[in-house]
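Colleague: Let's have the full structure, built from the sequences with the hints guiding it.
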Amino acid sequence: MKIFFIIILLSLSHTTIHAKTYGDMFNIVHRNKLYYSSYLFLKKAIIKGNKVDDDKVNDVLDLIHPSVFIHDFELDKFVSRKTSIDYAVAVRRFFLNDFRTAKIKLSKIKPEHSMFIESNYFLGLIYLTEKKDELASKYFKRCVRYADKKKRTHFKSNAYIKTFKNRCIQQVSRIAFSQKDYSASLRILDYVKKTDYIWPRFLLDRAWAYYWEGQNERALGSVMTYKAPLLKRFMVPEANYLRALIYYEMCYFEKAEKIRNEFEENTWKFRGEAKSVSTNRLLKLISTKDEPSNPKDQFLYYYLKGYKKDIRYFSYQEADTQIDTEIKKLSRIKSLKQAKIFLNTLYYYKKAIKEDFKDFLKNLSDDYFLQINQMKKAFVKLDLMISLKKRENIAKNNSVKFKDEIEIKDLDKIQNIDEKFIWDFKGGFWADELGDYAVALQNRCGK
Amino acid sequence: MRLAFVLFILSINVNAQKTPVKIEYQKRQKIDLGAIMIDGEIVTPGDFSVEDEKEKATNLLYKRKNYNDRIRINIEYVF
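Quick mapping for you: the protein sequence lines, in order, are chains E and W. Position one of the first sequence corresponds to residue 72 (the working numbering), numbered consecutively onward. Position one of the second sequence corresponds to residue 991 (the working numbering), numbered consecutively onward.
Hints are computed from structural coordinates only; laboratory data are not their basis. In this text the structure is predicted, and so the values were computed from the model without any measurement. For each residue, glycine too, the CB sits at the ideal point set by N, CA and C. Accuracy of the hints is not assured; some may be wrong.
Partial chain W-side listing against chain E, Cβ under 8 Å, derived [stated by the list, open to error]:
hint : residue
1    : 995
2    : 1064
3    : 1065
4    : 1069
Modeller: Quick look at the structure:
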């Protein structure tokens, strides 16, 4: 077996090779930028106890798509050993729900390790599931702190690092939110820059925090931002519901009803698509550049469009390209019987990554379906409350009150706005469309 | 036919007598009604009003209080 690997290496490398151990082979393959292939040698080198360069191991762990670790049965050999690929073992254990082992392995990863921020994110998630919010918050905060220190590598883009940082910020904010510390939750969310593509996703978090703070104008302004053409893709059913809820609580019943009707027409009607769509259709829809003409496809297309800049999409694409390059190089020597086994492993990795991404898309659409159903139930109750108000007003012979005559609120009464631009909203947004909007609407209840 | 039926009934009785059933009655239990503690608020009919019902109905409205429902999805979608 070792002989065949050396033959492969000889055909790949243009330099003179003195490969005596699997560790040497790992170094050579790594030098040739065959990272997925080098991972195979890395595991063998560790089993044999060969010395491997930690920086190179970090490179491999940094570049290889985590789906490879998740589906790699061979990693189970390293569960009870401390090795340089503990991160990979921990990722697999995490996805096998073996949180105990994952926790042990991840907590030993040091700050200089390439996967330190990801490790802290995982640890935070594990403690969240164990309902240990304080510990979870500690790890998420550490993830944020080290994300600022992590330098962009030739493998990981700034966008990737920022995504992890922002995910950690969101978790810290959500922990504060669940502890009813809404002002802290909002303050933490301010760390997410508006230029980050993920920023619109946090608008709903902001809106709920504003809502519980009693700042309905700002809560409404946050979810209204989704009406901007560029951000329509982020408009989830819950954002629409929150708009309706706030209008209801401010006694703008017509507006609340209108939003409910829009939900029925634009979302509820298409829920079946989210449930029954195939993984291949989802993959096709996320990859397409042009808007489809079929309204059913459009419904899914816009939802998926919100994930086009997601790290999961571009890490899938990058991994696919990298494996293809390696397969191409190795195919030159495919006449060798054993090389075929080697290639098969790469094809297996390619398939595992693709299948995982397809599963991710399917889970997304299933989750969308659940969200729609959950919001439908919420809208039914809200609708009932609106009907009660209607009946109440009719009984009081005050049906005029049901007509939504907009009452503008004095901007000075809206909290936390340093710079104010009074702007008459007629379906348009500021040029950059991203901003902290507040809707200057007077509460009409009790009039 | 009638005779056969009578014989059948008699055979059941004979079989039933083979396994004597022992019936145990529960012993007399004394309950001190005065010592019973009841949890909850003591209310009068006047405490139930339309306003309370409205408040209860408003509380039924969905309002996000935490993100526990998103933890599973965060775990599954890390990468």
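Colleague: Work down the list of hints and note, for each, if the structure agrees.
Modeller: Cross-check of the supplied hints:
1. A least Cβ separation of about 61 Å between residue 995 of chain W and chain E goes past the 8 Å threshold, and the interface hint is therefore violated.
2. The interface hint given for residue 1064 of chain W is met, as the beta carbon of that residue sits about 6 Å from the closest beta carbon of chain E, less than 8 Å.
3. Proximity of residue 1065 of chain W to chain E holds as hinted, the smallest CB-CB distance being about 5 Å (cut-off 8 Å).
4. The interface hint given for residue 1069 of chain W holds, since its Cβ lies 4 Å from the closest Cβ of chain E, which is under the 8 Å cut-off.
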